[in-house]
Amino acid sequence: MTLTAPRASTRAAPAAPGRPRSTLARRLVPYGYLSPTVLLIVVLMVVPIVMVVGYSFRDNVIVQENSVFAGFANYTRVLTDPDFLAALRNTAVFISVSTVAHLVLGLTFAMMLNTQLLSGVTKAIFRIVYILPWLFTIAVIAVIWRLLFDPSGVVNYVLQTVGLVQQGVNWFGDPATALWAVTFVNIWSGYPFFMISLLAGLQGIPADLYEAAAVDGTNWWQRFRHVTLPQLRPVIVSMAVLDLIWTSHQFALIWMTTGGGPLNSTEMLSTFTYKQAFSEYEFATASAAAVIVLLLTMVLAFFYVRSQRER
Amino acid sequence: MAAVKTRRTLAKVGVVTGLVLGGLFAGLPVLWMLSTSLKRNGEVFQSPPQLFTEGFSFDAYREILGNGTQLRFFLNSYIVAFAVTILTLLVAVLAGYAFSRFRFPFQKTINAAIISVQAVPPITLVIPYFGLIVALGLYDTYAGLILTHMVFTLPYAIIMITAYLNTLPRELDESVKIDGGTGWTALWRILVPVSVPGLVAVGVYTFMISWNEYLFALTLTRTDDMRTVPIGIQLLMGQHSYEWNQMMAMSILGSVPVLVLFLLFQRRFVGGLTAGAVKT
Chain A
1 MTLTAPRAST
11 RAAPAAPGRP
21 RSTLARRLVP
31 YGYLSPTVLL
41 IVVLMVVPIV
51 MVVGYSFRDN
61 VIVQENSVFA
71 GFANYTRVLT
81 DPDFLAALRN
91 TAVFISVSTV
101 AHLVLGLTFA
111 MMLNTQLLSG
121 VTKAIFRIVY
131 ILPWLFTIAV
141 IAVIWRLLFD
151 PSGVVNYVLQ
161 TVGLVQQGVN
171 WFGDPATALW
181 AVTFVNIWSG
191 YPFFMISLLA
201 GLQGIPADLY
211 EAAAVDGTNW
221 WQRFRHVTLP
231 QLRPVIVSMA
241 VLDLIWTSHQ
251 FALIWMTTGG
261 GPLNSTEMLS
271 TFTYKQAFSE
281 YEFATASAAA
291 VIVLLLTMVL
301 AFFYVRSQRE
311 R
Chain B
1 MAAVKTRRTL
11 AKVGVVTGLV
21 LGGLFAGLPV
31 LWMLSTSLKR
41 NGEVFQSPPQ
51 LFTEGFSFDA
61 YREILGNGTQ
71 LRFFLNSYIV
81 AFAVTILTLL
91 VAVLAGYAFS
101 RFRFPFQKTI
111 NAAIISVQAV
121 PPITLVIPYF
131 GLIVALGLYD
141 TYAGLILTHM
151 VFTLPYAIIM
161 ITAYLNTLPR
171 ELDESVKIDG
181 GTGWTALWRI
191 LVPVSVPGLV
201 AVGVYTFMIS
211 WNEYLFALTL
221 TRTDDMRTVP
231 IGIQLLMGQH
241 SYEWNQMMAM
251 SILGSVPVLV
261 LFLLFQRRFV
271 GGLTAGAVKT
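Quick mapping for you: the protein sequence lines, in order, are chains A and B.
If you're matching positions, the first sequence starts at 1 in this note's numbering and goes up one per residue.
If you're matching positions, the second sequence starts at 1 in this note's numbering and goes up one per residue.
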């Protein structure tokens, strides 16, 4: 890489005539343009990650003046905490169910919006309606669904009217339903991003592939299995991994609907870590949890980068 | 022939039914928020539920817009989101220019680092940020929020702007250099003006990210003078008696900027967004 660079940069930035500049100065030019970015990344990411790793091996951090080295004690404390293990389990359910549902809904809606049977205007109107949930901030989504899922709210009214439940269910307040309720809300708020990307993917599939398949006398399902899905596969794989990562970051939705309760039933890695730091002021334990969350994300990110390479 | 036509009609009925059902799933909660914001608080949970009630009024909006504390939340959100957008575009244009027009050592490494920032969990960053921002004296200030929001907006903006500049022919900026200009003038006189459509899309998305950000706004501010809209909505929710109609009115007012930006720039924006998500 270093060997090819000078040749490439000469081609990219020929010296202005009449203004000779040293090669060293010319080579430094791109770094000049990048310096604000690099500075921000160092301050906002490199330094903080070093700090949080440092905190995680110490005790009495942030709130007290003199911290002491603690070895792996914080990690042992976190990894043996039943609340943390519950959070790990809940997060796994939450992100996997959300991602699968986002994919299924996103693909179904994208295919309906891509139909040749309706006019462009009709499709454009439906498209805006379908994107709506994605345009609201999580705080708004949290209050909407707290209103709808209230024991005397409209969702319970409808379910009681059709006889599915006997009395109003406290969806966010009952340990048996809370995790499913927050997952449902996350599905509602997150599918449009999948849908938009898959819609673009569908529109990029060459029409002659379908024509050739139709000539072979295939039915709708065969065309879906053997043309649509293989063509969308790269988009689906990278979107799914990205969604797993982003859903695992979800904090605001949980915090504003259930707060991780009742009885830890919706505690996630993010809410667990937040509570350790900003409710318990156990910044050292919180840092150990934060580093574990980072490592788990790195595993997902590794798969993301690999899926990108394959393309 | 008749059979083909019948099948086509059946398919159309199926698709329209599916689209309407999906549309209700997506749209009804939003409609209910709008309807609740126009009710009296006592009517919110009346049975059977009604879309429009006798107490139909804009009082909830009047309450929110007449309240100095709430207005301050809006002002704060606008200040932070605009500042984040301008700074992000400025820094990202410079970085995008470097990535698009130069080849240099460690280019791939720096690029990979920028992409990987997107995967770092905010909850991991918020703990050291708390220590760092307090140490820098930026706790409970606009500067603290603006700086930390950029960790989310910058990677995306750089990737998008680099991709956009890559689509512009090199002859465009080379011609300036042949006339004796520098890369700097080529960037600002030629490339930036030509890139306005791409910069608008990136700017809209940046504004949305900053406007919606919750975790950092929650932990790095303390007083009502610095709180942003998402925190304001949560504070309304935390009060003893739930004023549902006001919470919904505040939610709608808090969503207007993003909705307007999205509707104005929809086409360009969706295209840019998918390009970023699919190709990077």
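Hints listed in this document are in silico derivations from the structure and should not be mistaken for laboratory results.
Each residue gets a CB set at the ideal place from its N, CA and C atoms; glycine is no exception.
Some hints here could point you the wrong way.
Claimed, not checked - Below, a sample of chain A positions facing chain B; criterion: calculated Cβ distance under 8 angstroms:
1) 30
2) 206
3) 209
4) 210
5) 226
6) 229
7) 232
8) 278
9) 287
Hints, one by one, checked against the model:
1. Interface restraint check: residue 30(A) against chain B, minimum CB-CB distance 4 angstroms, threshold 8 angstroms, status holds.
2. The restraint placing residue 206(A) at the interface with chain B is violated, with a minimum CB-CB distance near 16 angstroms, outside the 8 angstroms limit.
3. Because the smallest distance between the Cβ of residue 209(A) and any Cβ of chain B comes to about 18 angstroms, over 8 angstroms, the interface hint for this residue is violated.
4. Given hint, residue 210(A) at the interface with chain B, is violated; its Cβ is 15 angstroms from that chain's nearest Cβ, farther than 8 angstroms.
5. Given hint, residue 226(A) at the interface with chain B, is violated; its Cβ is 20 angstroms from that chain's nearest Cβ, farther than 8 angstroms.
6. Against a cut-off of 8 angstroms between C-beta atoms, the interface hint on residue 229(A) is violated, since the closest Cβ of chain B lies about 16 angstroms away.
7. Because the closest C-beta pair between residue 232(A) and chain B is about 10 angstroms apart, greater than 8 angstroms, the hint is violated.
8. For residue 278(A), the shortest C-beta to C-beta distance to chain B is roughly 6 angstroms, which falls under 8 angstroms, so the interface hint holds.
9. This hint holds: residue 287(A) has a C-beta 6 angstroms from the nearest C-beta of chain B, less than the 8 angstroms allowed.
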